[in-house]
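**Q** In case you want the letters, here they are:
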Amino acid sequence: MIELKNVTKMYGNFKALDNVNFKIEKGEVVGFLGQNGAGKTTTMKIITGLIEPTEGEVYVNNERISKKNSTKIGYMPENTPLYNSLTVREFINFMGEIKGIKRAERKKAVDEVIKILNLQSVEKKLIKNISRGYKQRVSFAGALIGKPDILILDEPMVGLDPKQIIEIRNLIKSLKGAHTILLSSHILSEINQICEKVIIIEKGKIIATDTPANLENQISNNIVNITVEDPKNNIQRIKEKIDEIDEIKFIKNISKYEKEYEIKVIGDSDIRKSLMTISPEFDITIVELRKSKSTLEDVFVNLIKEEEEI
Amino acid sequence: MWAIAKKDFRALFYSPIGYVVVAVFLAAMGIIMYLLSIESRSIDFNIVYQYSAKYSLPIISALLTMKSFSEEKSADTEKLLYTASRKTTSIIIGKILAVVMAVGVAIIISVIYCLLFAKYGAIDLRLIITILCFMLLTMAYASVGVMISSLSESQIISAILTTFFLILPSFFSYGSGVFSYLALSNFYSRICDGRLSINAIIVFVSFTITCILLTSIEMKRNRKFN
Ligand SMILES: Nc1ncnc2c1ncn2[C@@H]1O[C@H](COP(=O)(O)OP(=O)(O)OP(=O)(O)O)[C@@H](O)[C@H]1O
Ligand SMILES: [Mg+2]
Chain A
1 MIELKNVTKM YGNFKALDNV NFKIEKGEVV GFLGQNGAGK TTTMKIITGL
51 IEPTEGEVYV NNERISKKNS TKIGYMPENT PLYNSLTVRE FINFMGEIKG
101 IKRAERKKAV DEVIKILNLQ SVEKKLIKNI SRGYKQRVSF AGALIGKPDI
151 LILDEPMVGL DPKQIIEIRN LIKSLKGAHT ILLSSHILSE INQICEKVII
201 IEKGKIIATD TPANLENQIS NNIVNITVED PKNNIQRIKE KIDEIDEIKF
251 IKNISKYEKE YEIKVIGDSD IRKSLMTISP EFDITIVELR KSKSTLEDVF
301 VNLIKEEEEI
Chain B
1 MWAIAKKDFR ALFYSPIGYV VVAVFLAAMG IIMYLLSIES RSIDFNIVYQ
51 YSAKYSLPII SALLTMKSFS EEKSADTEKL LYTASRKTTS IIIGKILAVV
101 MAVGVAIIIS VIYCLLFAKY GAIDLRLIIT ILCFMLLTMA YASVGVMISS
151 LSESQIISAI LTTFFLILPS FFSYGSGVFS YLALSNFYSR ICDGRLSINA
201 IIVFVSFTIT CILLTSIEMK RNRKFN
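Protein sequences appear in the order of chains A and B. Taking my numbering, I'd label the letters of the first sequence as residues 1 to 310. Taking my numbering, I'd label the letters of the second sequence as residues 1 to 226.
Just so you know, the hints here were simulated from the structure itself, not pulled from any lab data. Just so you know, even glycine gets a beta-carbon here, dropped at the ideal spot from N, CA and C. It is possible that part of the hints are untrue.
Selected chain A positions facing chain B (in silico; Cβ < 8 Å) [what the hints assert, rightly or not]:
1. ASN6
2. ILE51
3. THR71
4. ILE73
5. PRO77
6. PRO81
7. LEU82
8. PHE94
9. LYS99
10. GLY142
Build the full structure now, drawing on both the sequences and the hints.
**A** Next comes the structure, spelled out in structure tokens:
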């Protein structure tokens, strides 16, 4: 469990975090989303005890964070800082050792994370000689060794190729339940499949906390994309017949006869059937009809826009 | 603590620094021995260590400690240390130990010098005490270097400042001013002269503890204001 209460962080006169509140329950996997400079890393550093908040409190498993319970947290910092002069195995062993894992149990623990992260093929290589994708996993391994209750992962997937992103995603999925996980990203699609909750931060303020599904519905502007043959240019007249239509916007000419429009609908009724029945009255032939759903990316962009308008 | 000491020790000998420092120390020792042998036929190793403590130890301490925290800071790996280990003081002590171990390598080799030249001088209890106290002095010097390196991301600045702080007092240490207390090599000289001074040992140890405390205060301050 992680809880932040009224956390504010000043860097000199600059307010990096402004009254941040959120709670992550035990076993949850939570995505932490924000643009560059939004305050993700700052928040994570505060949770790990690396820096202290200017105001507010942080609780980990119902205790205020201190050095004593910091070993319950596995932290993967951004930009994967590692010791280049150690081999992969030596590094993981070192992380286990400073976390206080006894010598007798350490070898087993190291073997285990090497297996979980598929690092067998590089375990004897010096860290400076392995590829970026492997470095990222070694850093993850350093966080994971010792089975901490809580994992704080700062952009664990940045710079990975699609195949590796899927692998890391599956890994995080498999850790679900056994660990409470907070992972940050700029890209929603990267994390929405594995997180049951998303926290969105912008300019140091939390602007949304919800499930990916609820966020989608939150601004589910009901939009229908339609491609028509409309020789008499009657399309705007459909509005007279269907009250729920808010706006019909021209998008583009598909061919000489076919045009694409976007229809914005008030409320959440489905107007596709009415469109089908009504369009012949206006000599409109529907070539394609599709209900478009707002994606989480839209939600994200929208929330940030709203925030800027305030 | 040991984990950090081992890691830093390895890093020193992974880069050329460790070897360079051992070589410099032994070369300086050779020069001191040569100069002493001009004056007299027998070499008193107590005096060899005394001069080493005064002139070469400050420089090699600076070279060995310049990476301690500066490198962790610039590579951002200090985050790993601070979040994973329970106590900040054990990080600092580990870093000091690594330097003491590296100097220890040089000292072990220097003992071979002593054995080779034993027909001139003699290895006796007094020399053993001199050597053991040399390690304590190294610990005190290393703690200054580690402290200074915790203030800066730049290794060069750390090295220059450390050398400066360790060598400077010995130039102003005549008489009984403040500098005479900061000039740890003066205390060491007494031991080399054959006066086993409990005072000196207390000074070395308390000096080290003070540096460790100051370093840990600096680290706490960093957490608050950074
Ligand atoms: N030590 C510092 N001193 C001054 N300002 C800082 C410091 N660290 C971060 N900041 C500022 O605080 C803000 C938040 O930074 P933070 O690193 O938390 O953002 P982020 O969300 O992690 O961004 P990114 O996605 O780029 O990693 C930024 O504007 C940054 O410039
Ligand atoms: Mg960041």
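**Q** Should the hint that A:PRO77 touches chain B count as held when the rule is a Cβ pair under 8 Å?
**A** 5 Å, holds
**Q** Any CB of chain B closer than 8 Å to the CB of A:GLY142?
**A** At 7 Å from the nearest chain B Cβ, A:GLY142 passes the 8 Å test, so the hint holds.
**Q** Taking the least C-beta to C-beta distance, is A:ILE51 closer than 8 Å to chain B?
**A** 5 Å, holds
**Q** Can you verify the interface hint for A:ILE73: is its Cβ closer than 8 Å to any Cβ in chain B?
**A** 7 Å, holds
**Q** Hint check: is the beta carbon of A:LEU82 less than 8 Å from a beta carbon of chain B?
**A** Result: holds, 7 Å to nearest chain B Cβ.
**Q** Measuring from the C-beta of A:ASN6 to each C-beta in chain B, is the shortest one below 8 Å?
**A** Interface hint status for A:ASN6: violated (18 Å vs cutoff 8 Å).
**Q** Just to be careful: measuring from the Cβ of A:PRO81 to every Cβ in chain B, is the smallest value less than 8 Å?
**A** 4 Å, holds
**Q** Hey, does the A:PHE94 contact hint survive, CB to chain B under 8 Å?
**A** 6 Å, holds
**Q** Please check whether A:LYS99 passes as an interface residue: C-beta within 8 Å of a C-beta belonging to chain B.
**A** The hint holds - A:LYS99 has a Cβ within 8 Å of chain B, the shortest such distance being about 5 Å.
**Q** Less than 8 Å between beta-carbons is the criterion; does A:THR71 satisfy it with respect to chain B?
**A** 6 Å, holds
Hint compliance for this structure: hint 1 alone is broken.
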